[in-house]
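Colleague: Going down the list, the protein sequences come from chains A and B. Following our numbering, the numbering of the first sequence begins with -11 at its first residue and continues without gaps. Following our numbering, the numbering of the second sequence begins with 433 at its first residue and continues without gaps.
Honestly, the hints are just simulated from the structure, not real lab data. Small disclaimer: the values here were computed from a predicted structure and weren't measured. Backbone N, C-alpha and C define an ideal beta-carbon position, used for all residues, glycine too. Keep in mind that a hint or two might mislead.
Dumping the calculated SDA-like pairs for lysine to any residue here, alpha-carbon to alpha-carbon at most 25 Å [what the hints assert, rightly or not]:
no. : chain 1 : residue 1 : chain 2 : residue 2
1   : B       : K470      : A       : K58
2   : B       : K502      : A       : L66
3   : B       : K544      : B       : I492
4   : B       : K502      : B       : I492
5   : A       : K45       : A       : N(-11)
6   : A       : K(-3)     : B       : E488
7   : B       : K435      : A       : L83
8   : B       : K470      : A       : N(-11)
9   : B       : K470      : A       : G85
10  : B       : K470      : B       : N490
11  : A       : K(-3)     : B       : V521
12  : B       : K544      : A       : G28
13  : B       : K470      : A       : Q(-6)
So the derived list for chain B, only partly shown, Cβ under 10 Å to chain A, looks like this [as the list claims (entries may be wrong)]:
no. : residue
14  : P473
15  : L528
16  : K534
Here is how the chains run, residue by residue.
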Amino acid sequence: NAGVTQTPKFRVLKTGQSMTLLCAQDMNHEYMYWYRQDPGMGLRLIHYSVGEGTTAKGEVPDGYNVSRLKKQNFLLGLESAAPSQTSVYFCASRLSGGPYNEQFFGPGTRLTVL
Amino acid sequence: AQKVTQAQTEISVVEKEDVTLDCVYETRDTTYYLFWYKQPPSGELVFLIRRNSFDEQNEISGRYSWNFQKSTSSFNFTITASQVVDSAVYFCALSLPGGGNKLTFGTGTQLKVEL
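Generate coordinates for the entire structure from the input sequences, incorporating the hints supplied.
Modeller: If you want it as structure tokens, here you go:
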């Protein structure tokens, strides 16, 4: 099992460009999440999904869109990248059920917006 | 709204010293779960432990131990006889029932263990 994988691992964008980050999991997890990690701020939730075809906003959703067309994939899109979106992005997944189930994290995507 | 505070931004110790990482949480819910994750220099997040709000028993796993005290809203993590491989950023997080069971993370504590 690969667990949670993220594509790409690194990316440099210019302001205004768009891109999509792909998260895939092979653990048949219902719930998936996108976080961003910035120095001194921990991880903050961008969007999440509790099942195929559903998405919801997290703490910092502005400037991002997501889609969950297939259970195993969760896409994060930046329509018009801004320097403030320079960050490390983590995807996570977990089993459904109560909050006791831990989240499994991908290796991260380091994004720089110039 | 819930909140997790890790007041220690960075801690440096010499190998074999014991070290405690503090975590204080805020929530009005009576049912909640607390987690610790480790982020080594390679960058991935590794799950260490979970604890539910109804279980105040301390937990020990090898050199790691966790002290959960509801009276002080704390869930502290102690590493005994620290090793260089323990160098990492450690995150404490809180999860509530419903709403996607989102994790609210603290800002993390950078632990540096030197020879």
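Colleague: Could you work out which earlier hints the structure fails to respect and list their numbers in ascending sequence?
Modeller: 1, 2, 5, 6, 14
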